[in-house]
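Chemist: Next come the chains, spelled out residue by residue.
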Amino acid sequence: MFDPIWKLALGLFTGVVFGILLQKGAVAKFRVIVGQFILKDWTVVKIMGTAVIVGAVGVYGLLALEVVSLHIRPLAWAGIVVGGVLFGVGMAVFGYCPGTSVAACGEGRRDAMVGVAGMLVAAGVYVVLYPWLHTLSESLGNAGEVTLPDLTGTSPWLWIGVLAILAVLAQFLSRLFHPARTRRDRQQTVRVRKLRLRKQFEKH
Amino acid sequence: MTSIKNPLQDKQWSPYLVGLGIGVLSWFAFASVDHPLGITTAFEHGAALGVQAIAPGLAANNEYFETETPKVSWETMLVVGVFLGAFFSSLASGDRERIVVPVMWKERFGPSVPLRFTAAFFGAGLMMFGARLAQGCTSGHGISGTLQLAASSWLFAILFFGTGVATSLLLYGRRSKTHV
Chain V
-1 MFDPIWKLAL
9 GLFTGVVFGI
19 LLQKGAVAKF
29 RVIVGQFILK
39 DWTVVKIMGT
49 AVIVGAVGVY
59 GLLALEVVSL
69 HIRPLAWAGI
79 VVGGVLFGVG
89 MAVFGYCPGT
99 SVAACGEGRR
109 DAMVGVAGML
119 VAAGVYVVLY
129 PWLHTLSESL
139 GNAGEVTLPD
149 LTGTSPWLWI
159 GVLAILAVLA
169 QFLSRLFHPA
179 RTRRDRQQTV
189 RVRKLRLRKQ
199 FEKH
Chain X
178 MTSIKNPLQD
188 KQWSPYLVGL
198 GIGVLSWFAF
208 ASVDHPLGIT
218 TAFEHGAALG
228 VQAIAPGLAA
238 NNEYFETETP
248 KVSWETMLVV
258 GVFLGAFFSS
268 LASGDRERIV
278 VPVMWKERFG
288 PSVPLRFTAA
298 FFGAGLMMFG
308 ARLAQGCTSG
318 HGISGTLQLA
328 ASSWLFAILF
338 FGTGVATSLL
348 LYGRRSKTHV
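Taken in sequence, the protein lines are chains V and X.
Following my numbering, the numbering of the first sequence begins with -1 at its first residue and continues without gaps.
Following my numbering, the numbering of the second sequence begins with 178 at its first residue and continues without gaps.
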């Protein structure tokens, strides 16, 4: 019924750090999540992209040192496809994802609290309907716990390297396409900094 | 005299810094309990314990309880921690947002509270249902799975992002203001 207490404490600690990061990343906000989905606010992609590349380097590094093992979800075709589509539609209507909705509750957002109640009820429906849903998930076959390097017979470091290059390239291209905006933003930051410095001088 | 400001008092950090933090946190999760970061398994286990308690008859013949042993686990405490972390973080920066109907929603669908709550309840429910069918969410698949280069997670991430974009563009259109 319970994990050992040290494990629960570690979970709580990891969660608190995760919650602080989500809140400071501003992804516990409806406008940021929906803003990403209408392709106007790229905060979510920047955070997830950085997390995935940094995380991949560390986890594959630790794997090479045999400190950790991989935990891959099986590729049950129907489950992933139907689940992914429902998840995207639901998340767009709700305006938060599961983790950020919990963080949004911490921030005081009332609609997120209603959503979390909906998530618990839906999880209960899933458990009750599990025998039928499990058959559905597996109905189009299951390719097992495979990674992209497994499927292609390549090194994971090749994939991580390509991802990192793509991320740098995307950052470079976005500056190329929106130079005016970023330059104005930068000038704005410089102005704010100067103002702050001047105020400090006046104080002393 | 320069006073160094406590970073917790800032309302927002750079997305790259936050991403770096989440990446390093995933190393910590793997190294400390050999577990990827994920949110929805805790909801599933919590709901399963609830089903067992409320309707033991429903649970008795359900093969779910043969394959899974729901419990209060590392993941449950992770979810509790996310709530507490966000609570303290928003308290420290004064970024409390006791919002009932988000501004973007209000501009598009009006100020009705029942409408927003109904959409939030069923939207979130649909999302959770999808997450459990696919065995992961934005954290479990979107971050933890993709960083392990799992084929299932990359497919899930592409699909949910694509349908999320399509749905939102249908609902709001490209010209909605995000910062009002």
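Be careful, since some hints might not be right.
What the hints assert, rightly or not - Partial list, derived from the structure: chain V residues whose beta carbon lies under 7 Å from chain X:
| id | residue |
| --- | --- |
| 1 | Trp4 |
| 2 | Leu8 |
| 3 | Leu10 |
| 4 | Leu19 |
| 5 | Ile36 |
| 6 | Lys44 |
| 7 | Val57 |
| 8 | Ala62 |
| 9 | Gly86 |
| 10 | Gly88 |
| 11 | Pro96 |
| 12 | Gly104 |
| 13 | Ala162 |
| 14 | Val166 |
Unchecked claim - Simulated crosslink set (PhoX-like; lysine-lysine; CA at most 25 Å straight-line):
| id | chain 1 | residue 1 | chain 2 | residue 2 |
| --- | --- | --- | --- | --- |
| 15 | V | Lys197 | X | Lys283 |
| 16 | V | Lys38 | X | Lys248 |
| 17 | X | Lys188 | X | Lys248 |
| 18 | V | Lys38 | X | Lys188 |
| 19 | X | Lys248 | V | Lys192 |
| 20 | X | Lys188 | V | Lys192 |
| 21 | X | Lys182 | V | Lys197 |
| 22 | V | Lys5 | X | Lys248 |
For the record, the hints were derived by calculation from the structure and aren't laboratory data.
Note that CB positions come from ideal geometry on N, CA and C, so glycine has one too.
Chemist: Confirm or reject each hint.
Modeler: Hints versus structure:
1. Trp4: For Trp4 (chain V), the interface hint is violated, since the closest Cβ of chain X sits about 9 Å away, which is over 7 Å.
2. Leu8: holds, 5 Å
3. Leu10: holds, 4 Å
4. Leu19: Result: holds, 5 Å to nearest chain X Cβ.
5. Ile36: holds, 5 Å
6. Lys44: holds, 4 Å
7. Val57: holds, 5 Å
8. Ala62: With a closest approach of 13 Å, the Ala62 (chain V) hint is violated.
9. Gly86: holds, 3 Å
10. Gly88: With a closest approach of 3 Å, the Gly88 (chain V) hint holds.
11. Pro96: holds, 4 Å
12. Gly104: Status holds, d = 3 Å.
13. Ala162: Where the cut-off is 7 Å and the nearest Cβ of chain X is about 12 Å from Ala162 (chain V), the hint is violated.
14. Val166: Violated. Min distance 12 Å.
15. V:Lys197 / X:Lys283: With a Cα-Cα distance of about 39 Å, the restraint between Lys197 (chain V) and Lys283 (chain X) is violated, given a limit of 25 Å.
16. V:Lys38 / X:Lys248: With a Cα-Cα distance of about 41 Å, the restraint between Lys38 (chain V) and Lys248 (chain X) is violated, given a limit of 25 Å.
17. X:Lys188 / X:Lys248: Outside the cut-off at roughly 35 Å; violated.
18. V:Lys38 / X:Lys188: The hint holds at about 20 Å.
19. X:Lys248 / V:Lys192: Violated, at about 55 Å.
20. X:Lys188 / V:Lys192: Between Lys188 (chain X) and Lys192 (chain V) the Cα gap is close to 20 Å, so the pair holds against 25 Å.
21. X:Lys182 / V:Lys197: The hint holds at about 16 Å.
22. V:Lys5 / X:Lys248: holds, 13 Å
Checked against the numbered hints given earlier, the structure breaks hints 1, 8, 13, 14, 15, 16, 17, 19 and satisfies all the rest.
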